[in-house]
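Undergrad: Given next are the chains, with one letter for each unit.
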Amino acid sequence: MVFQMDELDETQLKNHVDSLKQQLQFNREKTSVAIPELAKWIEEKMNEDPFLNPDVLKDNPWVESSKCVII
Amino acid sequence: MGEMEQLRKEAESLKDEITAARKAVQDLTLQDHVAGTAVVGRVQLKTRKTLRGHLSKIYAVHWGDSKLCVSASQDGKLIVWDSYTTNKVHAIPLKSSWVMTCSYAPSGNMVACGGLDNMCSIYNLKGKDGNVKVMRELAAHTGYLSCCRFLNDNEIITSSGDCTCVLWDIETGSQKTVFAGHLGDCMSLGVAPDFNTFISGACDFTAKLWDIRDGQCRQTFGGHESDINAIGFFPNGNAVITGSDDASCKLYDLRSDQELITYQDSGIMCGVTSLAPSLSGRLILAGYDDFNCNIWDSLKAERVGVLSGHDNRVSCIGVTPDGMACCTGSWDSFLKIWN
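Taken in order, these protein sequences are the chains called X and D. With the UniProt record's numbering applied, the first sequence covers 1 to 71. With the UniProt record's numbering applied, the second sequence covers 1 to 339.
Looking at chain X on its own, in the form it has when it is part of the complex:
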């Protein structure tokens, strides 16, 4: 189900308005601070990322490490 705004009853509308008032109060950080810090976190972690650094996948648990031998 999906509600349109005009389908809400008075209690739901009051709650909706109260929630919006609370959300407006959120202490927003400047993107000039948040974005560089996010990008920096990513770039520092990339070295450990198995999908980006093949060295991390050298010991791959899903690949048979020994060859099969016919005896």
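There could be a bad hint or two in this list.
When the alpha-carbon atoms are kept at most 20 Å apart in a straight line, the in silico SDA-like pairs for lysine to any residue are as follows [to be verified]: (1) D:Lys9 / X:Phe3; (2) D:Lys15 / X:Asn27; (3) X:Lys14 / D:Glu12; (4) D:Lys46 / X:Val56.
Covered stretches of chain D, going by a simulated chain X footprint (3 or more residues, C-beta under 8 Å) [as the list claims (entries may be wrong)]: (5) 38 to 48; (6) 183 to 192; (7) 214 to 221; (8) 311 to 318.
If you want a taste of the chain X side facing chain D, the calculated C-beta under 10 Å gives, among others [said to hold, decoys possible]: (9) Asp9; (10) Lys30; (11) Trp62.
No lab work stands behind these hints: they were computed from the structure. In this text, a Cβ means the ideal position worked out from N, Cα and C, and glycines have one as well.
Since the structure of chain X is already known, use the hints to place chain D on it.
TA: Frame of chain X; chain D shown alone:
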């Protein structure tokens, strides 16, 4: 002016104020910040294992640790797999075959599932006699169970087609907190790495961030033009990724409370069903209705790879906690492990 009309006007005015507050802190865009960064090279992941055993469409998969995962299929089974050997550790028959979600507890002691039965069933994997039995049936939702995630062995969060999410006490089977506010079916949820908050994506096209302990919605993110089917936290907990029927994924920054970028391509016209970030978050793996999984460079918003191999819709995807592999589940009844 009637009370209702006044409230509606107040709501519109508050939404405008929030939009203005977001604009006021937007002194840099992601595109500008990474203008000098190169796109990552082509990412080619190979199928390492195919997990065979389900007899019908797979709807959900969730890693327990970096070896064991649980999958749910409308063949009426939950299967716990040892992904290294492809062995089935447990094959759990369900009372209701209309399952839509499953979850593995972080402890490894339990799994949960639910769907059109409107309930979340908790199964104890470590019972004394070795049999896996239903431990608790959490019933109170008045709509289908779309997603569930354990916080610990006694608490689980569910999202539902009744437009609410609920935090449950598993021992007593009672609802501790009801998170109400979405205006459409809740389709997906994700828990923050620090377990203090969770996010929900819904058919009202928005994503909401909730404080688990006080039950309040802290932030609401819009911008999508259709249902949000998939949602996940960025690995550092400071951003949220969503996937929608509008064929795009979006990255929202929590600290500045706004959308940073959209992952879309004119060649992609079908809905996103599932998504998961890689360990560093630099890659976003997203499953689509067209049987493929696209790999996006999260900073540059370019496609850098594709996982193709399923013969039907990719319905679910998950990356292991250690980032070493990802698992895709499909309506073709198979799960594949890639790295």
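Undergrad: Was the hint right that Asp9 (chain X) lines chain D, CB cutoff 10 Å?
TA: Since the shortest Cβ distance to chain D is 9 Å, the answer is holds.
Undergrad: Sort out whether Val56 (chain X) lies within 20 Å of Lys46 (chain D), counting only the CA atoms.
TA: Holds - the C-alpha atoms of Val56 (chain X) and Lys46 (chain D) are around 16 Å apart, at most 20 Å.
Undergrad: Within the assertion that chain X covers the segment 214 to 221 of chain D, do at least three residues meet a Cβ-to-Cβ distance smaller than 8 Å?
TA: It holds: at least three residues are needed, and the segment 214 to 221 of chain D offers 5 whose Cβ sits within less than 8 Å of chain X.
Undergrad: Within the segment 183 to 192 of chain D, is the number of residues with a Cβ closer than 8 Å to a Cβ of chain X three or more?
TA: It holds, with 3 qualifying residues against the three required.
Undergrad: At a Cβ distance under 8 Å, does chain X reach at least three residues of the segment 311 to 318 of chain D?
TA: Contact hint for the segment 311 to 318 of chain D vs chain X: violated, 0 residues under 8 Å.
Undergrad: CA of Lys15 (chain D) to CA of Asn27 (chain X), is that 20 Å or under?
TA: holds (16 Å)
Undergrad: Counting residues of the segment 38 to 48 of chain D with a beta carbon closer than 8 Å to any beta carbon of chain X, are there 3 or more?
TA: The restraint on the segment 38 to 48 of chain D holds, since 4 of its residues have a Cβ under 8 Å from chain X and three suffice.
Undergrad: Restraint: Trp62 (chain X) near chain D, CB-CB cut 10 Å. Satisfied or not?
TA: holds (4 Å)
Undergrad: Has the given pair, Lys9 (chain D) with Phe3 (chain X), been kept, meaning a C-alpha gap of at most 20 Å?
TA: holds (17 Å)
Undergrad: Is the straight-line distance between the alpha-carbon of Lys14 (chain X) and that of Glu12 (chain D) 20 Å or less?
TA: holds (13 Å)
Undergrad: With a cut-off of 10 Å on the beta carbons, see whether Lys30 (chain X) makes it to chain D.
TA: Lys30 (chain X) check passes; min Cβ-Cβ to chain D is 5 Å, inside 10 Å.
Hint compliance for this structure: hint 8 alone is broken.
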